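Place chain G with the ligands on chain Y using the hints.
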Amino acid sequence: MKKRHLAASILAIVILVLWQLLAMKVNIPHIIPSPVAIVKKTWELRETLFLVQLPVTLYTIVVGFLISVGISLVLATAMEEFEVVEAMFYPVLVVTQTIPVMCISPLFVLWFGYTQTARIIAVVLATFFAITLNVFDGLKRTDVRKIELMQTIGASALQIFLHVKVPTALPMFLTALKMTLPWAVIDAAVAEWLGANEGLGYFSKRMISTMDGPAVFAPVLILTIIALMGMAILNLIDKKVGIYRSEV
Amino acid sequence: MALKFKNVTFRYEDEPDCIMENLSFEIEKGGLTSFIGASGCGKSTAFRLINGLLTPQEGEIICEEKCGYMPQHDLLFPWKNVEQNVMIPLVVQKVAKAKRKAMAAELISRVGLEGCEKKYPKELSGGMRQRVAFARTLSTGANMLLLDEPFSALDSITRVSMQEWLLEQWRALDKTILLVTHDVDEAVFLSERILVFTGHPVKQLMEIPVPLPKDRTRSMLLRPEIIKLKEELIKVLRQEATL
Ligand SMILES: Nc1ncnc2c1ncn2[C@@H]1O[C@H](COP(=O)(O)OP(=O)(O)OP(=O)(O)O)[C@@H](O)[C@H]1O
Ligand SMILES: [Mg+2]
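The listed protein sequences derive, respectively, from chains Y and G.
Using the numbering used here, the first residue of the first sequence is number 73, and each one after it goes up by one.
Using the numbering used here, the first residue of the second sequence is number 838, and each one after it goes up by one.
These aren't lab readings, by the way, just hints derived from the structure by calculation.
Don't take each hint at face value.
To be verified - Simulated coverage check for chain Y against chain G, where a stretch passes if three residues somewhere in it have a Cβ under 8 Å from a Cβ of chain G:
id, region
1, 131 to 139
2, 148 to 154
3, 261 to 268
What the hints assert, rightly or not - In silico DSBU-like cross-links for lysine-lysine, where the CA-CA straight-line distance does not exceed 30 Å:
id, chain 1, residue 1, chain 2, residue 2
4, G, Lys1040, G, Lys1067
5, G, Lys959, Y, Lys312
6, Y, Lys311, G, Lys934
7, G, Lys1067, Y, Lys212
8, G, Lys956, Y, Lys75
9, G, Lys1040, Y, Lys250
10, G, Lys903, G, Lys841
To be verified - Selected chain Y positions facing chain G (Cβ under 8 Å, derived; list incomplete):
id, residue
11, Thr224
12, Ile225
13, Gly226
14, Ala227
15, Leu230
16, Gln231
17, Val320
Note that the structure is predicted; figures quoted are calculated from it, not measured.
C-beta: ideal position from N, C-alpha, C; glycine also.
If we strip away everything but chain Y, and leave its shape as in the complex, we get (with noise of 0.2 Å):
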């Protein structure tokens, strides 16, 4: 594992070196501006950065993201508890999650103008069908012997879902969230760019306006940071999901 990190780490610092050789070469900061120049670009914003345009797109993000999980989670679970809901929704599910729900984003901002709530709403439809329909497989996956050994000592279905289903489902449940964490990143920034006067990614586009090449790519720089710092917290959580995971 500690082998695999450094064989990362050392790629990662030799395309970031030759980027800034290439940039120092070609100096046109406004058309590739440099990872120093970028760093240094986002220490100078620090304070709209930090203070005023992040903190608006985290909470797109965050509340999305915990919308999107809440309905997934429920919705799932009905479809597995009761057969008729998900004949309903299993085959529509699948369908929209075909849709590119970026390119459908403007349609938000037409009906709920350059709004937080069009943003939202972009992040949980980006999210939630897959989280849903791994919820659902995850719960599907459950092992029917289990179930009965737990009737045989006398459960109640709310017992041999808590003890039994939920174990079973999590390891898929976190490997959508894990799948789905960097979509809403990118469309909460997407939406912004779309429609909003707020926030990194409507911030990211104006500098485009100005030709400031590493104040574009400042918002981005701290997207992805946001973005691994999620993955490291889910990454976190599924170590413990580890011992089993191969099991169910």
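Frame of chain Y; chain G with the ligands shown alone:
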């Protein structure tokens, strides 16, 4: 009497043929009885009828004891450690936390796994897993234990020592044990009474008493009358297999 099948007929839904038809037998309290028979003859089905997972179409199953079911595969929950697995029946029965911890500790030491409380199933050997599953079955508080091929997944050396271990447990605990097995040696070494499943559907069980004392040793299997009994048993089973 711990268990009585009275003219039981059972058929799986959507299946044309009955598994058992008009079947009657009795199990005494405190005994160790083996079910033996060819694969697919309905031994596990009989267990599922006893523990109430299935209901017969006709006839009656009278079971006066509380049953603890140990399924064919250990079915330990991989997300729970040894202690938590043993405590599952206690959690279901809503036993208070301190009490169930104490009960689990006692059961874990009974099956010789002190120090393994916090280990996860995948860290255990096959024999250890079976002992955890056995402790979990005991923690239901059942007086009748239904063990479905508890040792069939183990290598032969572990299996032999687990058989001796089970005999010890049976002598120490005052429980009725029903055991499904494919293995003639295992059936003869462990049980007081062997019930052979024959025919499709099963209409009656052939009863073979094993003339060995409760505190038996493996060398007793070499007695001439036991060797003869085993040969007869193998003959019966072989006839079944060719049917
Ligand atoms: N849920 C089910 N639905 C329909 N048929 C079943 C079901 N479970 C088992 N059967 C069939 O019933 C028969 C008896 O099965 P059972 O599991 O009781 O056999 P068994 O004697 O325990 O066999 P083994 O020694 O292989 O475990 C088999 O033919 C099997 O295919
Ligand atoms: Mg079976």
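Structure-based check of all given hints:
no., hint, in the structure
1, 131 to 139, "violated (count 0)"
2, 148 to 154, "violated (count 0)"
3, 261 to 268, "violated (count 0)"
4, G:Lys1040 with G:Lys1067, "holds, 23 Å"
5, G:Lys959 with Y:Lys312, "holds, 14 Å"
6, Y:Lys311 with G:Lys934, "holds, 27 Å"
7, G:Lys1067 with Y:Lys212, "violated, 45 Å"
8, G:Lys956 with Y:Lys75, "holds, 28 Å"
9, G:Lys1040 with Y:Lys250, "violated, 56 Å"
10, G:Lys903 with G:Lys841, "holds, 14 Å"
11, Thr224, "holds, 4 Å"
12, Ile225, "holds, 4 Å"
13, Gly226, "holds, 6 Å"
14, Ala227, "holds, 5 Å"
15, Leu230, "violated, 11 Å"
16, Gln231, "holds, 6 Å"
17, Val320, "holds, 7 Å"
Checked against the numbered hints listed earlier, the structure breaks hints 1, 2, 3, 7, 9, 15; every other hint is satisfied.
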